[in-house]
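From first to last, the protein sequence lines are chains A and B.
Residue 183 in the numbering used here sits at position 50 of the first sequence; the count goes up by one each step and never skips.
Residue 112 in the numbering used here sits at position 72 of the second sequence; the count goes up by one each step and never skips.
Some clues are possibly wrong.
Simulated crosslink set (PhoX-like; lysine-lysine; CA at most 25 Å straight-line) [what the hints assert, rightly or not]:
#, chain 1, residue 1, chain 2, residue 2
1, B, Lys115, B, Lys216
2, B, Lys115, B, Lys95
3, B, Lys175, A, Lys208
4, A, Lys208, B, Lys115
5, B, Lys95, B, Lys175
For the record, the hints were derived by calculation from the structure and aren't laboratory data.
Note that this is a predicted model, so its numbers are computed, not measured.
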Amino acid sequence: MTIFRIAARETVSYFRSSIGWVAIALYLLLSGFWIAFAALRPGEPATLRAFFGVSQWILLIVAPAISMRLIADEKRTGTFEALITAPVSDWQIVVGKYLGAVAFFIAMLLPTLAYVGLLELVSDPDYGPILAGYLGLILVGMLYLSVGLLTSAITENQIVSLLATVFFFILLELLSTTGGRWLGPPFDEALFPLSIFLRIADLAKGVIDTAHIAVFLAASAWFVVLTVVVVESRRWR
Amino acid sequence: MISLRQVQKRFGRVVAVRGVSLDIPQGQIVGILGPNGAGKTTTVRMIAAAIPPTKGSVEVAGLDAVGRSLEVRRKMGYMPESAPLYREMRVRDFLRYRAGLFGLTGKRRAEAVARAAGQCQLENVMHRRCAELSKGYRQRTGLASVLLHDPEVLILDEPTSGLDPSQIAETRSLIKGLAGRRTMLIVSHILHEVEKSCDRIILFAAGQVQADGAPEDLIRQLPGSEQYTIEARGQRSAADIFRTLPRIEHAESTALPDGWERCTITFARGTPDRREHIARAAAEASLLVRELHARVSTLEDVYLSLVASAFIPPPPLPAGEVAESARPEGASSPAPSGGGGRVREAGGGEGP
């Protein structure tokens with residue numbers, strides 16, 4: 134119950150702060166442009182593949198902007214001290230905050246359902262790839278947010294948290310795809326599976342591979358657990 | 041109620057708290073004083089189960105603050121310095137949220153919020169966002185948030201920091217009203233405030249307890265606390281006349297430009313009020329007195345004297361020895377409580 138209290142406060146706080154609305158506006162604006170100029174064109178297939186493709190890039194900035202305040206801001210303002218002296222365990226704090234951010238993230242995606250409606254008006258879309266695409270966005274968002282949560286626990290500076298998260302994923306992508314291609318066999322077989330974007334591309338095509346889902350969920354859970362360790366580290370540092 | 045045994049806290053190579061032992065009985069209001077970096081906030085954070093000690097043990101109501109930290113936190117209300125609040129939340133929502141964290145739900149939560157708001161006179165601002173509150177109301181909201189679960193122990197870190205004089209007076213009267221059966225620890229830099237509202241004072245410096253006792257006991261034990269200044273004129277030097285008084289330690293006269301002399305005399309520590317003896321001695325020696333002033337030592341004198349003595353620079357260390365070992369680890373603190381206060385010898389014993 135405590136986890137949901139913390140999560141609910143976190144979600145509501147995004148809607149009461151400018152960063153929440155800026156994140157929503159930025160995401161809808163950029164993805165809307167893409168829909169208008171790339172997806173809704175005569176002769177184009179009735180899919181949202183272009184939207185899902187560009188969303189993972191936009192979310193690479195937007196999701197860390199959502200997560201950067203989770204713990205860093207509480208530490209900066211001192212509310213974290215009040216939180217850790219309440220009868221709440223560290224994992225309840227971390228998981229509660231993470232779920233709160235994920236709930237806001239999903240709420241941010243909801244207005245994009247209008248794009249589906251728009252597609253339905255002008256064509257006859259296949260809903261399978263659309264559902265798979267949204268599943269992919271939620272999974273990649275959860276992963277971005279989990280890494281953002283970790284960097285937010287490490288630093289008290291929100292901008293450092295944002296930049297560290299973005300650079301982490303850019304480096305991961307460069308290492309896995311460009312590095313894989315450059316090194317060739319047999320290294321590419323080990324490096325390509327690390328690519329987030331290759332997995333998302335599969336989901337955007339409508340391929341729901343349980344391996345992809347498991348990787349995203351396991352990686353997200355791993356970063357959340359790492360965050361718990363970082364928060365708990367104040368006890369043994 | 042609160043018991044610390046040989047508590048030490050290290051942050052990397054820095055030793056913030058060095059072998060502190062304390063016993064604080066239920067219902068006592070304790071002022072914790074000390075300069076920045078003295079270890080007082082670290083100590084109360086260990087009592088509040090926010091961080092564990094590196095060595096030693098902390099118990100609250102018989103519960104180990106490390107092993108049973110969640111239970112300890114349920115008994116505790118800890119208001120950190122500057123009473124941090126969620127700026128975007130309304131006061132009512134903030135208090136409801138905090139009550140929820142302490143396991144209060146439904147009717148119990150509503151009652152707790154109403155009671156704490158009433159105690160801290162927040163009724164008129166319950167609908168306002170925390171960001172819109174004045175500092176005084178912010179402090180009150182922070183205070184209300186730690187009263188929701190009716191804690192047995194209340195720890196307030198700098199409760200009047202940044203407030204104007206009228207807000208300080210309001211907060212002080214509010215804090216006084218919260219006493220009673222509760223054990224209260226007030227961390228403060230404001231000596232006057234602590235002296236007025238606390239039964240006992242624990243003075244920290246250099247990570248150790250330098251003095252512990254009732255404010256008046258600490259002041260009484262301060263060297264030079266029985267000092268008098270007399271402005272007089274007569275046939276003989278005032279200093280010569282007063283030197284004959286029993287228990288006198290020092291007498292010195294200075295000539296003033298208008299023909300009078302100012303005499304400063306000091307009696308041995310613990311000497312009761314000597315003004316009557318001084319006046320009688322002056323009368324018997326036909327000394328004309330225009331001023332007799334007993335210099336009353338204050339808590340500030342105790343503070344400055346002990347803090348200064350705690351920071352005597354350490355001697356150079358032998359090669360390879362780390363800086364913090366300059367003070368013996370586990371050096372015990374003065375006696376926890378009781379009638380007379382205990383003051384660590386200036387720069388002595390535990391000092392380098």
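Structure-based check of all given hints:
Restraint check for Lys115 (chain B) and Lys216 (chain B): the C-alpha separation of about 20 Å stays at or below 25 Å, so the hint holds. As the CA atoms of Lys115 (chain B) and Lys95 (chain B) are separated by approximately 23 Å, the hinted pair is consistent with the 25 Å bound. Annotation: proposed proximity of Lys175 (chain B) to Lys208 (chain A) holds, straight-line Cα distance about 20 Å (limit 25 Å). In summary, the hint linking Lys208 (chain A) to Lys115 (chain B) is supported, as the alpha carbons are separated by about 24 Å, within the 25 Å threshold.
Between Lys95 (chain B) and Lys175 (chain B) the alpha-carbon distance is near 38 Å, which puts this suggested pair outside the 25 Å criterion.
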